[in-house]
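Engineer: Read top to bottom, the protein sequences are chains A and B. All the letters of the first sequence, read from the start, carry residue numbers 1 to 527 under our numbering. All the letters of the second sequence, read from the start, carry residue numbers 1 to 417 under our numbering.
What the hints contain is simulated information worked out from the structure, not anything from laboratory work. Computed from a predicted model, the values in this text were never measured in an experiment. Note that beta-carbon positions come from the ideal geometry of N, C-alpha and C, so glycine has one too. Please note that a few of the clues may not be correct.
[What the hints assert, rightly or not] Distance condition first, Cα-Cα at most 30 Å in a straight line; then the derived DSS-like pairs of lysine-lysine:
#1 B:Lys90 to B:Lys76
#2 A:Lys288 to A:Lys388
#3 A:Lys133 to A:Lys181
#4 A:Lys181 to B:Lys377
#5 B:Lys238 to A:Lys410
#6 B:Lys143 to A:Lys181
[Stated by the list, open to error] From the structure, some residues in chain A lie toward chain B, with a derived Cβ separation under 7 Å:
#7 Thr413
#8 Ala438
#9 Thr505
#10 Pro507
#11 Gln525
#12 Leu526
[Said to hold, decoys possible] Far from chain B, some chain A residues (derived; all Cβ distances over 12 Å):
#13 Asp12
#14 Asp41
#15 Arg222
#16 Ile248
#17 Pro279
#18 Pro492
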Amino acid sequence: MKRRRDEIPAWDAKAAAHLLSRAGFGGTPEEVGELAALSLDEAVDRLLDESAKAPAPAQPDWVKDPWVNTERRFADTPREVAAEAHRTTRRRYGAELNELRSWWLGYMITTSHPLREVLTLFWHGHFATATSKVNISQAIYQQNATLRRNALGNFRTLLRDVAVDPAMMMYLDLEGSDKAKANENFARELYELFTLGIGHYTENDIKATARALTGWTLDAPRGMAKTRSSAPDTPRDFARDGLVPTFIPERHDAEVKTIFGETGRFELDDVVAIVSRQPATARFLVGKLIDFFGTVDPQGELRERMALTFQATRGEIREVLRVLFTAPEFYSDASRGSQIKSPIRLLVGACRQLKLDVRATPSLAQLTASMGQDLFNPPNVKGWPGGKTWIGAGTLAVRYHLADALLEGKEPTGLEPLGSNRFLAFPRDATQGSAMVARIESSRAERRAERQKEGLKCRFKVDALYPQGAPADPAALVDDLLRRLVVTTVRPSARETLITACVDTTPADRPALVARLILTSPEYQLA
Amino acid sequence: MLIQIDRRQFLRRAAGLTALTATVPSFLDKTASAFTHKVKPIPGLNDDRVLVVVQLAGGNDGLNTLVPHGDDAYYKARPKLAINAKKVLKIDEYLGFHPELVELKALLDDGSLALVQNVGYPNPDRSHFRSSEIWETATSSDKTETSGWVGRYFDSECSAVRSSVLGLQLGERPAQTFASAQPRSVTLANPAILDWPTDGVAGSGLEGINRVEPTGIEALDFIQRSANETLALAKRLKEVTRNAKAPVAYAPFEFSQSLKLVAEMIVAEFPTRVYYVSLTGFDTHAAQVNRHAALLQELSQGLAAFHRDLKLRGHLDRTLVMTFSEFGRRVSENKSAGTDHGTANVMFLTGGGIIPGLHGERPDLKSTDESGDLVFKTDFRSVYSAILGGWFGANADNVLAGHFAPAPVLRTPKPTA
Chain A
1 MKRRRDEIPA
11 WDAKAAAHLL
21 SRAGFGGTPE
31 EVGELAALSL
41 DEAVDRLLDE
51 SAKAPAPAQP
61 DWVKDPWVNT
71 ERRFADTPRE
81 VAAEAHRTTR
91 RRYGAELNEL
101 RSWWLGYMIT
111 TSHPLREVLT
121 LFWHGHFATA
131 TSKVNISQAI
141 YQQNATLRRN
151 ALGNFRTLLR
161 DVAVDPAMMM
171 YLDLEGSDKA
181 KANENFAREL
191 YELFTLGIGH
201 YTENDIKATA
211 RALTGWTLDA
221 PRGMAKTRSS
231 APDTPRDFAR
241 DGLVPTFIPE
251 RHDAEVKTIF
261 GETGRFELDD
271 VVAIVSRQPA
281 TARFLVGKLI
291 DFFGTVDPQG
301 ELRERMALTF
311 QATRGEIREV
321 LRVLFTAPEF
331 YSDASRGSQI
341 KSPIRLLVGA
351 CRQLKLDVRA
361 TPSLAQLTAS
371 MGQDLFNPPN
381 VKGWPGGKTW
391 IGAGTLAVRY
401 HLADALLEGK
411 EPTGLEPLGS
421 NRFLAFPRDA
431 TQGSAMVARI
441 ESSRAERRAE
451 RQKEGLKCRF
461 KVDALYPQGA
471 PADPAALVDD
481 LLRRLVVTTV
491 RPSARETLIT
501 ACVDTTPADR
511 PALVARLILT
521 SPEYQLA
Chain B
1 MLIQIDRRQF
11 LRRAAGLTAL
21 TATVPSFLDK
31 TASAFTHKVK
41 PIPGLNDDRV
51 LVVVQLAGGN
61 DGLNTLVPHG
71 DDAYYKARPK
81 LAINAKKVLK
91 IDEYLGFHPE
101 LVELKALLDD
111 GSLALVQNVG
121 YPNPDRSHFR
131 SSEIWETATS
141 SDKTETSGWV
151 GRYFDSECSA
161 VRSSVLGLQL
171 GERPAQTFAS
181 AQPRSVTLAN
191 PAILDWPTDG
201 VAGSGLEGIN
211 RVEPTGIEAL
221 DFIQRSANET
231 LALAKRLKEV
241 TRNAKAPVAY
251 APFEFSQSLK
261 LVAEMIVAEF
271 PTRVYYVSLT
281 GFDTHAAQVN
291 RHAALLQELS
301 QGLAAFHRDL
311 KLRGHLDRTL
321 VMTFSEFGRR
331 VSENKSAGTD
341 HGTANVMFLT
351 GGGIIPGLHG
361 ERPDLKSTDE
371 SGDLVFKTDF
381 RSVYSAILGG
391 WFGANADNVL
401 AGHFAPAPVL
411 RTPKPTA
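Pulled out of the complex, with its shape left as it was, chain A reads as follows (with noise of 0.2 Å):
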């Protein structure tokens, strides 16, 4: 099942650190050498079975067990009382939120596992939920925790665990799908997207799913005592008790269903067993690795071998990985250097390769987002299309204010819409436009100030990158920074270009000038 032993890849340090920046988000000199010093096989179970076995990080401290639904609404709750607790409980969500992604992003930068967290991150995208539909807090916070706990483990239990995870079933609406009326969102996505792949299966195998997949809802922990009822219609924000996931048998259609050609009362368990043995399953998922993991497969070779991987171990992540890592086609020259970062990989890997002094701060996540990829808020069910469509000129452009903002901590300009909303009409009288124009300005700056108000904390110290003191000769400087920060080819010009600048200032300001302009080169776009 493993690589072909007569192409064993070479190992030495330009490998290590093609590694470290695919399986994490680039290493540093250090990482480098300790992970060179090891062979193939030694590194890659090093960075296989440790991210694997690391503790869980601590959860924000909003988190609550069990959940409270603190804009719950029950058929005597006055109007006014609802509105406000909604107003206030959104307020709050969208606070925690925001809390979340830089909570996330400050993970990402300060962990000894990041290959945890790049995986965590390929099953956010492969499995993708939105804020921009499931914007309770803890719902995606809860999410997050059960793609980290799977990252590695096995995709059967990955995928039972995400199919009744509380922020999925809001996504794609088996929360309440009953017998009544089958919802086919999940049924249609989880073939189309999480496993088969297009072509792999027909309606009725998406029909026959969405009934064995009825009867779920999201309550409240068992033996809670059960809040009062809802009125009539009340909308499912408003109605939940809890986010546990809970099945009732009363709305589960228990008829016969046939699906892939196999008969039965099937339910989730069973429809997870089908489709996780569906050849397709594996190759439609390891081509995704192949794919995230940037590695150029010319002939489908490594594909087959990492499917029948994941057949063989019916489904062990890790396996899979561990035949991607040591595969020559993952250290061929066309797969090195020729991967376009994601926003969430160039600004993590610019923090640790850098050393920056970092406190991850909601300004840090809106960086990504301004660069297009919002952590917890991809744009479709599809995820983050990733490959080029990271760059275009609104996202380059963020990309090149990355620079100023992680070395100096200056909050880019133009991150801010053109204007504030109209929330009032203005009286068709001329004279007393302009007082309600300063209200709505003042009101505006009010939230910008609270969205920013932690700024962003971060610095570059030359000291943390060069204890010794920074090499003096500028192209001696120059190389030692392109050596730490970029992993494809250098061109001839922009090596130039750095030299120059170098020269052109003080000795001081070098190793920060150089730093910052690598930043913003074609090469330092590359994994």
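We have chain A already, so just place chain B on it with the hints.
Structural biologist: Frame of chain A, contents of chain B only:
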């Protein structure tokens, strides 16, 4: 005449830049061929046409926008929210505008506004997310598609057009309307993001390190080209904002300011075919009277200022504006003095080539669907079809993956294939 001179000046300016720089920023390389189709030019069609898509996000209450003041059913369904017939800006004995749509009413009276009533699609979805997706990808409600209708138009019809800003959106989240296999659209919350030091060691360093030097590494060369385009776009936008001289006043709000910037870009002949701006906040579930009035006022004043601006500067003929919203709202008001998610809605069109006045069959408030929602009469894709075929001369059936008879909203005859 004036415009002709402006355009020649622009071309000279672009040509000058071309001569000075080593690599031609491709989007500035606006030669006569820049906007031609890969197949053949379509007789009688200008090739510098622009579409401005205006998204009314959240689901605009169409019945309080284009008010059926002659229908008792409307007043019965909305005891609190119905617009008093005396205040309605009447179009005829049955329909009229919301009282804040003063400027749009004037445009209509002037023969400069088209309204398409009761636009929707079969088996309507009432989720914002899903219904927006349906409108932006122009697919039926039982299919999922990720590419946008304008994105597909760019992919299939504009491959020969040398522009990296074929689509330009002012907003924060890239609109799915532009999503395509070959992304050639830019989303900017604010052009100020394209402002960075261009002088000093930082400025020359940024330029220097992004000077194109082909490497044969595909991704690296792609980024170099994109960087080049971005730096050129930044310069061009700076020029546009510096030379901005709108002859009309725009309100200081996001929507109006976005339109103001779009007008400047149109006047500067940006190589952009489709602009996209949003007015957000239409999800009026509760206490909607004041909120909706404010939004409609912004819509009305913004569109009217834009119209007048382009007309005064001679670019109205080549500009078409289309509004859309993911759905209208339920016929009956809810218990919170608001309205819930509904279905069919009204679209506005203004600019070059429109057939002014009311289009489509008016909604029947008495025969609603099982949820109490309007039953649409005009499929939104027939409006897209009219724009794709009639305005851009594109193969609408191809882009929309199906035939939708073009809604008769544009003067331009459908070009023969």
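Engineer: Please go over all the hints and tell whether each is borne out by the structure.
Structural biologist: Structure-based check of each hint:
Our distance criterion of 30 Å between C-alpha atoms is met by Lys90 (chain B) and Lys76 (chain B), whose separation comes to about 20 Å. Note on Lys288 (chain A) and Lys388 (chain A): the hinted pairing holds, with a Cα-Cα distance of about 16 Å set against a maximum of 30 Å. Of the pairs offered as hints, the one joining Lys133 (chain A) and Lys181 (chain A) holds, with about 22 Å between alpha carbons and a cut-off of 30 Å not exceeded. Distance restraint check for Lys181 (chain A) and Lys377 (chain B): the Cα-Cα separation of roughly 27 Å lies within the 30 Å cut-off, and the hinted pair is therefore satisfied.
For the given pair, Lys238 (chain B) sits about 21 Å from Lys410 (chain A) by alpha-carbon distance, which is consistent with the 30 Å threshold. Between the alpha carbons of Lys143 (chain B) and Lys181 (chain A) the distance comes to roughly 18 Å, so the proposed pair stays at or under 30 Å and holds. Against a cut-off of 7 Å between C-beta atoms, the interface hint on Thr413 (chain A) holds, since the closest Cβ of chain B lies about 5 Å away. For Ala438 (chain A), the interface hint is violated, since its Cβ never comes within 7 Å of a Cβ in chain B; the closest pair sits about 10 Å apart.
Checking Thr505 (chain A) against chain B by beta carbon gives a least distance of about 6 Å; that is within 7 Å, so the hint holds. Hint status for Pro507 (chain A): violated, given a least beta-carbon distance of 14 Å to chain B, over 7 Å. Taking 7 Å as the C-beta cut-off, the interface hint given for Gln525 (chain A) holds, the closest approach to chain B being about 5 Å. Taking 7 Å as the C-beta cut-off, the interface hint given for Leu526 (chain A) holds, the closest approach to chain B being about 6 Å.
Against the 12 Å criterion, Asp12 (chain A) stays outside the reach of chain B, whose nearest CB is about 20 Å from its own CB. No beta-carbon of chain B is positioned within 12 Å of the beta-carbon of Asp41 (chain A); the least distance is around 29 Å. Every C-beta of chain B lies more than 12 Å from that of Arg222 (chain A), the closest at about 30 Å, which supports listing it as non-interface. Listed as a non-interface residue, Ile248 (chain A) keeps its Cβ farther than 12 Å from every Cβ of chain B; the least gap is roughly 23 Å.
Under the 12 Å C-beta cut-off, the non-interface status given to Pro279 (chain A) relative to chain B holds; the minimum distance is some 24 Å. Its beta-carbon lying about 7 Å from the closest one in chain B, Pro492 (chain A) breaks the requirement of being farther than 12 Å from that chain.
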